[in-house]
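Visitor: Letter by letter, the chains look like this.
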Amino acid sequence: MRLKSSLKWLALAGGFALSLGMASAQTSMRIGLAEDPDVLDPSLARSYVGRIVFASLCDKLFDIDAKLNIVPQLALSSETSADGKEVVIKLRPNVKFHDGEPMDAEAVRFSLDRHLNMAGSFRKPELGSVAEITVVDPLTVKLALKALFSPLIAQLTDRAGMIVSPKAAKELGDKFGQKPVCAGPFKFVERVQQDRIVLEKFADYWNKDKINFDRVVFLPIADSTVRLANLRSGQLDLIERLPATDIKDVKANAKLKLTAVPSLAYSGITMNIANKEAGKTGLGLDPRVRQALNWAIDREAINQVAFNGEFTPGNQWINPSNPYYQKSFPVTGRDVKKAQDLLKAAGVKTPLTIDFMVPNNPEARQVAEIVQSMAAEAGFDMKIRLTEFATSLTQAEQGNYQAYLLNWSGRTDPDGNAYSFHACGQPLNYTGYCNKDVDALLGEARQKGSFDERKAIYEKATKILQEEGGVLYLYHVSILMAHTDRLDGYVQLPDGLIRLTGARLK
Amino acid sequence: MLSVILKRVLQLVPTVFFVSVIIFSLQHLLPGDPALIMAGEDKDPAVIAQIRAQYHLDQPLPLQYLYWIKGVLHGDLGESMRLKAPVLELVATKLPVTLQLACMAMLIALTLGVSFGVLCAVYKGRLLDSIVNVVGLVGISTPNFWLGIMLIFLFSVHLGWLPASGYVSPFEDLGQSLKTTIMPAFVLGNAIAGVLMRHTRGAMLQALASDYVRTARAKGLYEHVVVIKHAMRNALTPVITLGALEFGTLLSGAVLTEQIFTIPGFGKLIVDAVFNRDYAVVQGVVLVTATTYILLNLLADLGYILVNPRLRDE
Amino acid sequence: MNDVIEMSSPSFLESPAGRAWRRLKARVPAMVGLVMIICLVVLAVFAPEIAPYDVIKQNYLLVRKAPSGAHWFGTDEVGRDILTRVIWGARASLSAGVISVGIAISIGVPLGLIAGYRGGFIDALISRFTDAMLACPFLILAIALAAFLGPSLGNAMIAIGITATPLFVRLTRGQTLAIRNEDYIEAARAVGNPVWRIALRHILPNVLPALLVQATLTIATAIIAEASLSFLGLGQQPPLPSWGSMLNVAQRFLGNAPWMAIWPGLAIFVSVISFNLLGDGLRDALDPRSR
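Protein chains in written order, with the numbering used here: chain A, -5 to 500; chain B, 156 to 469; chain C, 4 to 294.
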């Protein structure tokens, strides 16, 4: 008895000493974000920057690797039935949420159900193909699908695959985002709106041996110069979305390191073809007018002038290094003569005035001015209209534009970069383009499982869209992260998220 | 006397009502549908419809106004669509930041403005007067946002002495807090210092030419005693009042400065909310700051009336 | 005594405007301001002739080059000459300053006259509304109005003009109230002059000096406001420059091309201080108490 209690004291004292030792060696990772994230609830979140925070906070059923392969995270495996209408997911055993609750099949059912049915959930369309979720045993879930939908597992590598603690979610309801409880490597400590988000290491994380930070602090800093200045002065350890024009400075600084990876995103000019009145003139007149604009533009020059040559010129919805890229339609150079001829053939009077809606940010503005100057030589008078983001969304939807410089952050599955933009009447089809053949092809690609089959279908769609489609792809940004050279083992994936597993500060 | 005060207080009601109408209509007239922004990149029609219903966006405008004003009268400023947090809570967390910045700016403005104003008045017409006058004008004429950018360039990018952004509470780390706020406070204070300096100079000149100062001088008092004890005391009343009004504008006027230095105060909150069409936040925060401004105005007026009995019967 | 001296001095025959001009001329800072404003106006009007390069022609071989003999102020993010763009920017900034104040006066002064002259409910209504507008943050109102009207230099002017209107309402109303019951106004009324003539003929001239001072100082504020709106992308649309929009672009290159931010900022500063100098001088020159 005596011995036991003194042993207990010894253990306690030892534990105390250990925790003291740890306190002195607290490692804190400070990350500079380009924007302030929105609400931190996986069902209600919308922003790209929010996903960066979630990568440390909420684990998903699946994840992706550097080659965009789907790898297990909270799930161990998935199996799709022969007819494609049933998916069985096996879960990782002994996983706990931040509040100590077990992460099991019931929790997965609850979370997916919450994504699907919660008022205001943005995950509804992503999981729209799911008809029913059933718990088979504590570590197995079965999803019954309405129809075969091959991008489903890819959806589960993002917010739709994040599993939340049912206990906390029931308690907090739609206030869950103010104190999120998930099963990720770090748990939520505090958030000061527009100032910082603080997370700390979760001691019971299933993969805790690979987590080498005690604390993660996210600091939203909109101005890129200021972000870089803070990294340089040591106030931050890593910053996201470094402007390409600052790469030289980072490379010249021995204390900083640069990570650059081609992204899933694209930037392009969305052209109004048949979206209300504005589509009846200008670029919507004739496919040859759109082709003329294509030949008027020098993509490599845009890349060199605006981005110091660090991005990738592109002409498809995925970048040229992506396996789905159609090599039979390579990026074309500039040919002003050809552009002028096409305009003449289409019978338009030059200069052809185009209302060019451009999001109000300095980078987009620079690209727009270069496009404007290039297109002028071919016979276009592109009238730039800098429009703040909120207004541009409404005007794009209402067809109140002729050309619109638009970025898409990109999805793991090519379907996410294609379907909603080119299929008839889809929410992101601002061009008003509608071609039954393209519709059928894009729909077919959703129902095929194999890479080769899908790629062949996409090639057919690409051929039509290159000729008459409404999006003129320009370039693909690279994910540019700058960090202190003390950060070791950090791996950047093409989705732009910041995964801290395996990294450490020296 | 009492009736004058009562009248002024009653006038507050229509003014605040107009503020609420102005800010409500401006927000809702803006093109750009908050539901579309809220719907994220994918923009599912069902989600959009659901958001519209949840925030009464599908109702006619007058009805939406009534929903809002009813909440306000019950002490509920609504909820931020974007951040899913009560506006009142946002106001409470931002207030200390903006207050600290405003107080520091005011301290800088009063120190510089009053001391140089008094000096100018005492040395009226001399070289020092002209130099300080020009410097004061320079302060007024420098665009805040440009000065901010230049300070960042010099002290953060070039020299690396001060952090270019962020905010640390003084209760957390006083030194760091001062480091993060000194540049924006200087940017804000510098412009007001110019205004205060010119007013101090004018008021001091008037006071120095007055009978009681002449009497004091005639009594053979030292000049510095005359200046400090007699002239300054009288001249400073209008300056302090002006300071109070400028303080009111600081509460909401730091819009661009907070944006440039990434200070999470009222200004940044409002601008972000305007661009995200977060109606409840814009309306709530402007209502709070405008009401504060109106109240400060009233206090300043009442102060005048108390000091200057001739105004009582107006 | 004094009267006799005044009568015999040459200023006896001087018009009020002539007297003001004589007083203004004696003030060095005000004249410096005036000369600088004239220079800026000349630059703005003759920008195409004065500017050394084409204002919109891009040159991808000269992207973000530091100041040199060929390009005194350096070049910008698409290889345009910054000196040229600063000169052209004077057009946007000066016209924005003058036109927006013109808008503010043309709305504000009549409202102020009506409020001050009529009094009663109309006065209360206008005054409370003015108070309310003044209580809202200036830039927030301007941003919201500019976004509402759509991005263009003209709309930015309207937005700034409307936002600055309360200043002129309040000023005119105050001045009108002060002289409404003067004998000569009463007399004009007794003779049966219509209200508009009393306002135009008798009240307005008395408001004019204060108005002129306020207008000059407000132009300075309006130039900064236009720069702020353009800085936020709500003013001048590319490819033509305005100083604010040049700063907007420059902010991104602060670390590696600081000259892009220095010159447009200095240009704003110089024009604002010019109007402030002139306004100060006018205030002193038109003040009946000083001489």
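In short, the hints are calculated from the structure, not lab data. One should not assume that every hint holds.
As the list claims (entries may be wrong) - Each computed DMTMM-like pair below joins lysine to aspartate or glutamate, with the alpha-carbon atoms no more than 20 Å apart:
(1) A:LYS377 - C:GLU17
(2) C:LYS60 - A:ASP292
(3) A:LYS140 - B:ASP199
(4) B:LYS239 - A:GLU184
(5) A:LYS90 - A:GLU80
(6) B:LYS239 - A:GLU29
(7) A:LYS136 - A:ASP168
(8) A:LYS173 - B:GLU244
(9) B:LYS239 - A:ASP168
(10) A:LYS169 - B:GLU378
(11) A:LYS118 - B:GLU244
(12) C:LYS68 - A:ASP243
(13) A:LYS331 - A:GLU304
(14) A:LYS118 - B:GLU196
(15) C:LYS60 - A:GLU29
(16) A:LYS118 - B:ASP199
Treat the numbers as computed from the prediction; the structure is a model and nothing was measured.
Visitor: So, for every hint listed, does it hold in this structure?
Guide: Hints versus structure:
no.	hint	result
1	A:LYS377 - C:GLU17	54 Å, violated
2	C:LYS60 - A:ASP292	16 Å, holds
3	A:LYS140 - B:ASP199	18 Å, holds
4	B:LYS239 - A:GLU184	15 Å, holds
5	A:LYS90 - A:GLU80	27 Å, violated
6	B:LYS239 - A:GLU29	17 Å, holds
7	A:LYS136 - A:ASP168	26 Å, violated
8	A:LYS173 - B:GLU244	15 Å, holds
9	B:LYS239 - A:ASP168	8 Å, holds
10	A:LYS169 - B:GLU378	66 Å, violated
11	A:LYS118 - B:GLU244	30 Å, violated
12	C:LYS68 - A:ASP243	16 Å, holds
13	A:LYS331 - A:GLU304	28 Å, violated
14	A:LYS118 - B:GLU196	13 Å, holds
15	C:LYS60 - A:GLU29	34 Å, violated
16	A:LYS118 - B:ASP199	9 Å, holds
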